[in-house]
Every structure is written in structure tokens, then in C-alpha cells.
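Chemist: The primary structure of each chain is shown beneath.
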Amino acid sequence: MTKEGLIELEGDGRAHGVTPRLVCALFLGLIAATGLIDTFASRPPPRLLGREAANDRRRREEARLFDGSLARLFEDDTKVRSRVRGWVSDPWSLFLYRALAEGGDKLVVGKDGWLFLRERVVLDNPGHRSAETIAEQGAALLSTVERWLANHGVRLVVVPVPRKSVVCRKLLPRGVDPAPEIDEQLLQALRERGVTTVDLLAAFADERSEELFFRRGTHWTERAVAIAAREAARAAGILVPEAERSTRLRAVPIPPARQDTVLLNYMGLSREGAALLPVRVEDSRGIDVIDRDGNSVEPAAREGRRRIAVVGTSFTATFGFGELVAHFADEDVRVEARPGTFAMTSLARLFEEARDVGLPELVILEVPNSAVVHHRPLPRLAQVLSDIGLASSVPVLSTAAFHLAFDPGTATPLDTKRRMLARLPEGAAFHSGDGIVFVRLTGSVVGAPLEVELAPVEDARLTRASYAQVATWEAGRTELLLPIVAPARLDGSRLVVLVRSRASSEFTLDAVELRAPFAAKLPLELAPPRGDARLVQALAVPEEPRSAALIELEIQGPFPDGLLIRLADDTVLVPGRTVKRDSVLVLPLRPLLLESNGATTLVRDAFALR
Amino acid sequence: MVFASAVFLYLFLPLFLTAYYLTPKGGRAFTLALASYVFYGWWRPDFVLLMLVSTVVDYACGRSIARERSARKEGDDTRPGKRWVVLSLVCNLGLLGYFKYANFGIETLNAVLGQSAGTLSWTEVVLPVGISFYTFQTISYTVDVYRGAAEPVKRFRDFMCYVAMFPQLVAGPIVRYNTIADQLSSRTHTLDKFYRGVIAFQIGLAKKVLVADLLGQVADRAFAAPALDTGDAWLGSLAYTFQIYFDFSGYSDMAIGLGLMMGFRFPINFDRPYVSASITEFWRRWHISLSRFLRDYLYIPLGGNRHGEFRTYVHLGVTMLLGGLWHGAAWTFVAWGAYQGFFLIMERLAGKRSLYASFPRAVRILLTFVLVVFGWVLFRAPDLGSALDMASAMIGIVQRPTLVTPLDVRTIHLVAFAVAALLVWTQPTTQTIVARLKAHRAWIVQPLFLLAIVHLHFTDHVPFLYFQF
Chain V
1 MTKEGLIELE GDGRAHGVTP RLVCALFLGL IAATGLIDTF ASRPPPRLLG
51 REAANDRRRR EEARLFDGSL ARLFEDDTKV RSRVRGWVSD PWSLFLYRAL
101 AEGGDKLVVG KDGWLFLRER VVLDNPGHRS AETIAEQGAA LLSTVERWLA
151 NHGVRLVVVP VPRKSVVCRK LLPRGVDPAP EIDEQLLQAL RERGVTTVDL
201 LAAFADERSE ELFFRRGTHW TERAVAIAAR EAARAAGILV PEAERSTRLR
251 AVPIPPARQD TVLLNYMGLS REGAALLPVR VEDSRGIDVI DRDGNSVEPA
301 AREGRRRIAV VGTSFTATFG FGELVAHFAD EDVRVEARPG TFAMTSLARL
351 FEEARDVGLP ELVILEVPNS AVVHHRPLPR LAQVLSDIGL ASSVPVLSTA
401 AFHLAFDPGT ATPLDTKRRM LARLPEGAAF HSGDGIVFVR LTGSVVGAPL
451 EVELAPVEDA RLTRASYAQV ATWEAGRTEL LLPIVAPARL DGSRLVVLVR
501 SRASSEFTLD AVELRAPFAA KLPLELAPPR GDARLVQALA VPEEPRSAAL
551 IELEIQGPFP DGLLIRLADD TVLVPGRTVK RDSVLVLPLR PLLLESNGAT
601 TLVRDAFALR
Chain W
1 MVFASAVFLY LFLPLFLTAY YLTPKGGRAF TLALASYVFY GWWRPDFVLL
51 MLVSTVVDYA CGRSIARERS ARKEGDDTRP GKRWVVLSLV CNLGLLGYFK
101 YANFGIETLN AVLGQSAGTL SWTEVVLPVG ISFYTFQTIS YTVDVYRGAA
151 EPVKRFRDFM CYVAMFPQLV AGPIVRYNTI ADQLSSRTHT LDKFYRGVIA
201 FQIGLAKKVL VADLLGQVAD RAFAAPALDT GDAWLGSLAY TFQIYFDFSG
251 YSDMAIGLGL MMGFRFPINF DRPYVSASIT EFWRRWHISL SRFLRDYLYI
301 PLGGNRHGEF RTYVHLGVTM LLGGLWHGAA WTFVAWGAYQ GFFLIMERLA
351 GKRSLYASFP RAVRILLTFV LVVFGWVLFR APDLGSALDM ASAMIGIVQR
401 PTLVTPLDVR TIHLVAFAVA ALLVWTQPTT QTIVARLKAH RAWIVQPLFL
451 LAIVHLHFTD HVPFLYFQF
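Sequence order for the protein chains is V and W.
For the first sequence, position 289 matches number 289 in the numbering used here, and the numbering has no gaps at all.
For the second sequence, position 206 matches number 206 in the numbering used here, and the numbering has no gaps at all.
FYI, nobody ran anything at the bench for these hints, they're computed from the structure.
Backbone N, C-alpha and C define an ideal beta-carbon position, used for all residues, glycine too.
Treat the hints with care, as some may be off.
Examples of chain V residues toward chain W, derived with CB under 8 Å [said to hold, decoys possible]:
no.: 1; residue: Leu-6
no.: 2; residue: Leu-9
no.: 3; residue: Pro-20
no.: 4; residue: Ala-32
no.: 5; residue: Thr-78
no.: 6; residue: Leu-100
no.: 7; residue: Glu-102
no.: 8; residue: Val-122
Given these sequences and hints, build the entire structure.
Modeler: Set out below in C-alpha cells:
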């Protein structure tokens, strides 16, 4: 180092020997040749599907020079289309995978080469939510869907798909914990809310986990699909005895092209590179549905009205789930599930078409638990529920006014920066937090679509306890509904509505208000205590119910520990939780509670859904 | 644009080197300046304008200082050009203050006001990359010219080149004007320099891709985890300790290497900092260009050690506090500066010796390293609370929330840890290798560089779940 700190170079300043020339030539040749090959002989881009395709399209539309998004798009395109990367990545990926059990930072390599998506194993857990909170949030969301469907006379069966890392957790590397309690508690939380739910964890318990998921993919095998379809039919009450079915099942080998090995690509292996790995026997076992003549049945219908519809993601869109449900129910099934989309997207599509052909009687909704863990279905939920346009003129739940940050009726320019649109003060709304109450915005947009977010205020406790809802407001729309969903009741929590443009827009806000489109109060008639005064009957009859009478009952404490509240059909509930059941409710109460509070004070309100 | 990216390595760099060497010698500074604007504006073209404003202002200030100095009459006691150096400082520190510290200031103010009188609404300012470095460089120019330590630059294109020069623009080293003034107007371009530059660049890239980025995965997970046990807390902190060294020194190596490819000799920035036997020694070996800048442009102007013991400690403390804040606009960086300043003052009180000077050197190195690791916890943690949690976990006080994220240290990370430790404590620095470059060393570097390139391709992969080729 010189006095000025400059780097010192010993020697006479001349390059001696062949090494300097060779090293420089190698360096320059390598970088220049890579650049030339990747520019003039690049690979074709991948054709994306589903939401990845939609996201890619949107990214291209929104790419701008001045915010760096265009440069980043160019960089990603360069990487994706790099031919040299394709050449060098395969051998290196294979070496890392086989010698060091390394699949890159996005994968977890388990025992015997099993691959898992890291984000579905190790929780990226903002706010450090507990397993119970995650499960409760998911259950709140799905019970909101059930509320909507029930209101239109449609029965719902939810099929939560357990995470691969939970079902196959013995194949994870030692010390990696996928938090299986989330999947278990989601089932419990759904049942506590009265949602008909298929327990695949129990159904898979006696199976070899290696046969239920693809070793190098994200999906379940056809064996697991058959079990799931049978259990869904059983839960929906449509399972036909085997002897009465018009179709049969047959084991068939499935070709490599139909096997899920997507995680090899995820670690950078091309198809050619992936072909160098031995095929796993379990991955090639398929199940075919055949008719009495031994011919494969036609694929399940993708359009038109059927009594039963399947909505969901790639788990039910592929691998023959619809055909298998049709086999177990012995009737036609409509499959609206789509790969690469959110479960709610296919539900929205079903509703959209239902305007012409009518709704099915039964919807089997498949939701991957990984999506629940990572909040994924939620952004679409708000959009689904508002897109189907069933909000009608109904009474406003609360007269509490939003504080508006924008002048009503005045066009306000918006850019990509998020701004507060409205704030609901503390103490303005009390509700069960499961989508019964909506925030309704009216106004108009000119220019790029807006992203509207309903969020709890910047309070850590609320962040853990409620969802941020995001919906898109495009030009032409004049109303947006955002359901308020949280794991438990919201007693006067504050809320904020935030808005930003995807590029540049003008937004005219007319009003922001709370709506409860389905809420109508009915008084409960409490019968006198019977026998030892531990049994109380409460009765309410909804007027002109559209569906089987759905009652949401709120029971208020305080309760002693271990209090058991039981419905007539023996469903066990947790004290203080909102429940939905038929209008006859039986509460077996302990003497202590009756003595301290009196039975009639326990039941405060009931909401009938019409 | 960053060095360890496909667009820089395979497009920008070959195109730039071709253009640079095709340009006649007299115009190479201009070519370099133009390329640097492309490099800098790649993600945010509008920030190039900001840099140009800074360039024009400081060029004009430098010229004005020189003009006043040449017009000064004998017997005139006023220091010529003072108003211009003040203008330059106001502009540069104003830019830095606004773009780097405005958000921090408003957030802090709101946190205080929020307790009583409500908060200020504020549009968040986006920080232009490299502004901390190029404002310091332009400050060094006007101050050096004012002090008479450097002649004002004659050609505007040379000054454009000095301010914008892409190799050290984003992460240093901080090149002071008076150390490079001669090279801007006249430098040699030789195969020997180019060759040494290639080796420095290759070593830097390998350090960044094969060590820093891999250990960064462990560090990122550790510092994002809600809670860690003692072992994982140490692993996470050590991972960051190695990551920051290999990342920062790797980037400096690449900058120095690119400089050599263009005929420049830049200042070195790291000299085996983790073999330091005291914090004072650590600061002689860590981010040397910043330490020198703070010494010459802050500590000494404040008064240095010229006003007695107590004032010396105050000056040292202020310098380290501001040095900490320079690294980032957050209280964690202030705390890190205070932490380092505390040990520097303690060592000065002990007679410029470490607090454990009586131990054998190996023990002193270990103890200094441990102190540095705890310092990096402050530096890396997202807030002071998290830093405290991490430091508590390191000394055995562990809190477990409902969900504990496992750290998931894999074989490849253990290999990276081993390589990092080996390089840090047994191998010479890049500048030593480059200074005394032998053919066998150059050939040892080649497979490492190729491995880095291959691994960069591997990590560059953009994954899709739903696609058809």
C-alpha cells in the first residue's frame, strides 16, 4: 500500500510469459462469448400458465424506464433465455443435488433426494403468527365462502390439501420442522365453524407417504387423488356403494411426461438434465376410471351446469380428481379447477357462468393448505366476492362514519405510492369478523387499475389478528366490496382503507361505508330450563330462508374453564365462538354458570342469513 | 447494475471494454463517464441528473476556489474560496441529508410527536444508490482544492469521470480526489495492469458469489427468525460477520480490478481486518478508505487530538457516531458507531492498547473478533430490539415464541463457513496476491472464477411452477 493507500504493483510494469495473455484471453473470451450466444442464439421463453402467465403479462404492461422495472424485466428475460446458463447449470445442479443434497435457496432437499418447496416447509412468518392464528385466519376466510354459497342454496365441501412437507415430514432433513399443527388446527377451526371439511390427514395416515406425493414435484400422486376424491364424496354424502357404480378403477402406468418433476426445473435443471435422473416407481403409478366395457371414461366436463362442481387449483384440475369424484358419486361432475390459479379464481369463474346456466347444488372446493399458510387465496377472495355482484340494497350495519382522506366527488390523481383513503375510527363496528360485514366503496377510476387494500392499522396485535384484503378496481367499476375477515370477532377495531395505482390514475371517491348484506337480526326465544336446569333450549325461525336455515349464534361469557357447549347434533364448540347451525339450539350448561350469570343472559343475538 | 449479474458481466463489461479501448487515449475519460452514467442510470435514469447536478456544482466550486486563490493579494488574511467550499458542503451534505436521512428524521420525529401531538405526513424519499460514496468524493475534491492539497481539475470530462466512475461508484472504495488527480489526466494502459485487474476482479467475484452470498442465506434467515437458540444465534452472527467481509471486500476487489483494467490504481479498502488484536487495529484494517476519509475530513477538522485528552475522546466519539450513521439511516447504525467509538476511546484511555493487551496475540485476536461479531449484530439487525434479542440469544438468554423458524444450515453453508475461516485467517489479501502476482496463483484463481460463474448461473435461475417450454 502506498502513502495514499493506493494498491501497489510490484515488478517492472510489463507482463511476462504466456500466463497474462492466456488469462486475459480466457476472461474476455468467456464474458464476450456468453454475451454473444445469449443475445443472438437465446432460448425461447417459457410459455407460462395461470397466474404466472397473468403476472408476467401484467409485469410487461407495467414495465417503465424510470422506475427500473423495465431494466429488471430485461435482466430477468436475459436470465430466462440464456442458452449458456442452460448448458452450465445442468451439470452443476445435478452435482449439488446428488453430492451435497443442495437444491438452491428455494428448495429443501430431503432424504433420498426428496424435494420440497422451501416456502411451504419453513414458514416465512411475518408478524410471527402462531399456528392457531394462521389456522383461524384460513378458517375465517373459508367460512366466509361457505356463507356466500349457503346464501345461494349451494352446499360446500372443503378439501384442504395437506402440505407435502407435513404428509411426508419423515422425508425432510433432520431438524426441519414444517409446523404440522397448522394443517391440523385448520381442520379443527373449519369444523368448529360448521364448515363441512374433508380430513385428508386422517385419510392419509395409513398410507405410505412416499406414494402420496411426487418426489420431485409439488403435487400429490393419483393414489392420493383417489383417496381425496373418495373422502370428498363421503363427506358430501354422495358416495355410492361400489357395487352400484357404473364405472370401475384400474391401475395404469403413467408416462414420465405426466409425472410432476417441476421442482427439478425449480433448481435450474432443464428437461434434458432431469431425464438423467432415475424415475421413481411410485411416481409412475396411475389410476384410470373405466366403464363397464373397459374403456376409459371421458374427462370430466369443463363447462355447463352439473349438480356437482369441483373448484380449486392444479391439485384438482389435473390428476383426474373430477373423474374420480364422478366415479365415487356415480354421476357427472363439472370441473372448474384450473392449474396455476387461486382456488377463488375458479370459484369466481363458476359464479360468472352461473348467471347463464345456474349454480350447482354442491361445490367441492379444494384449497392447498400451503396457500392458507401464505395468505395466498385471500387477495382473490375480496375480488371474487365483489365480482359476483350479488350485493343488493340491504341495511347498513353501523352508522359509524369513515374519516375520508380524499374529498368526495373530486378527482384525485394517484400514482404507485400507497395512500390512505379512509379510516374507520375505533369503536365503530362490532361484528363476528368472518365476512358478515363489508366495507363498500363507491366512486370511479380513470386510467390504470387501482389496488385497494383494507388493512388493520399499524398495530402489531391487529396485524396478527386480522387480514389485509386487496382488491383491484378497474376503470368502469363503480362499486367495490371488501369483506372484513379475521380469526375472531372484532370489537370495535380500527380499520384503514389504502389505495394505490398500478401506474397512473384519477380516482373519484363518492363514499365509503360499512355494509352487512346478509345480516338480519332475529330474536331467540329461550325455553325455560328443564330438569336439573343444565339444559336450555333457544329457538329462532328465519323468515323465508333461501337455504337450509343458517343461524349464526353469538354466545357471550364469561365462561368457566372447560365449559362444554353442545349443539343438538353433538358438534362440540369452543366457548365464545360464533357458530352456525339449525335454528334449534341446545346448551347444556353447568350449574356454576347458571348460578353466576343466569341462563337468559348468555344468549344475546342471533343473525339469520337469508 | 451490480457486478455479479448477467447483464453486467456478459453485456455491459465486454461492450464497455471494447468501446474504451477503441476510444483514443484522450477521450477515454469521457467514454468511462458515459458508460458510468449508463451503469448508474440502469435502474433509475433520473438519478443520473442528480449526480450531474452534484458534478456541475462541485466543478464550478473548485474552479471558483482556484480563481479566488489566484486573485488573492499579498497581505490578505482571508482564506480564498471559503464561501465556495461552504456552498459545496451545503449542497453535498444537503443532498445526502435529504435523500438518505429525511425519512429517518421524519420517522424519528413522528415517533416522538406521536406520543403527544400527532404525526407529520410525509412522502417517502427513495435513496439513490451510491450517493453516500459520490458525495464524499466530491466533498474531498472541493476541500482538497480549498486546502491547496490538489489543483482544480482542468477538464470537465475528467471531473465527470472522477465522480461517476462506475467501478467504485456503488460500494467504494472512496477515492479521494488528490489520490487520483494525476491518473485522471494521465495513466498508463498496460497488459500487466489489465492482467492484474482481471485477477483482482476474478477473486472478488468468487469471494462474493461462493462465500458471501451463500453465508448471506444463513444470516438472512437468522436475523429474520422470531427466535433462535444460542447455537443458531452464533451461527447467524458468524455468517453475517463473514458475509459482510467477503461481500464488501469482494466488491472492493472487483472495483480495484476494474480500475486496473482501465489503467487506474485505486486505494485498497481491507487489510485482513479479522486478524486485528484490538478495535483500534481493526479500524486500520477495515474499510480503510472510509477510515482515512473520516480522519482527514472530520476528526482532524473537529480538532483531532490537538485540544487535550477529553476533547480528543469527544472528537473520536462524534466521528464514530457520524461514521455509524453514514452506513445507514437507522438507530442501529448509530448504536454500532457508538459501540465502536466506545471501544476506541477505552483503548485510547488504556494507552492505545487493547483492553486485553497482556494476553497472547492469538487470544487478543479472538477477543477482538468476538467484539466485532457483537458489533455486527447491531449493524445487521432490523432494529435495536431485534439486536438485543440476538445478542441475548448469543449469551444464552433464549425466548421461544409459538413458531420457531429453524435456521436450516446445509452442507453447502458449512463448506462456505470453512472456506471463509480458512481465507480470513490463513491466506493473504487480494491486494497482496495482485501486487506480487505469480503465474501459479493466477491459474489457481481461474477454476474459482469459473466456479463462481457457474454458480452465478445456478443462482440466477428464475423459477416458474406453471410453464411449458
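Chemist: Taking the hints in turn, state whether each one holds.
Modeler: Hints, verified against the model:
1. Below 8 Å, beta-carbon pairs count as interface contacts, and Leu-6/V has one with chain W at about 5 Å; its hint therefore holds.
2. Against a cut-off of 8 Å between C-beta atoms, the interface hint on Leu-9/V holds, since the closest Cβ of chain W lies about 6 Å away.
3. With its C-beta approaching chain W no nearer than about 4 Å, Pro-20/V sits inside the 8 Å limit, and its interface hint holds.
4. Satisfaction of the interface hint for Ala-32/V is found here, the shortest Cβ-Cβ separation to chain W being roughly 4 Å, below the 8 Å cut-off.
5. Annotation: interface hint on Thr-78/V holds; nearest CB of chain W at approximately 5 Å, less than 8 Å.
6. Interface hint at Leu-100/V: satisfied, since its Cβ lies 5 Å from the closest Cβ of chain W, which is below the 8 Å cut-off.
7. Look at Glu-102/V: its Cβ gets to within about 5 Å of chain W, closer than 8 Å, so that hint holds up.
8. Residue-level restraint check for Val-122/V holds (minimum Cβ-Cβ distance to chain W is 6 Å; threshold 8 Å).
Going through the hint list in order, the structure satisfies each hint without exception.
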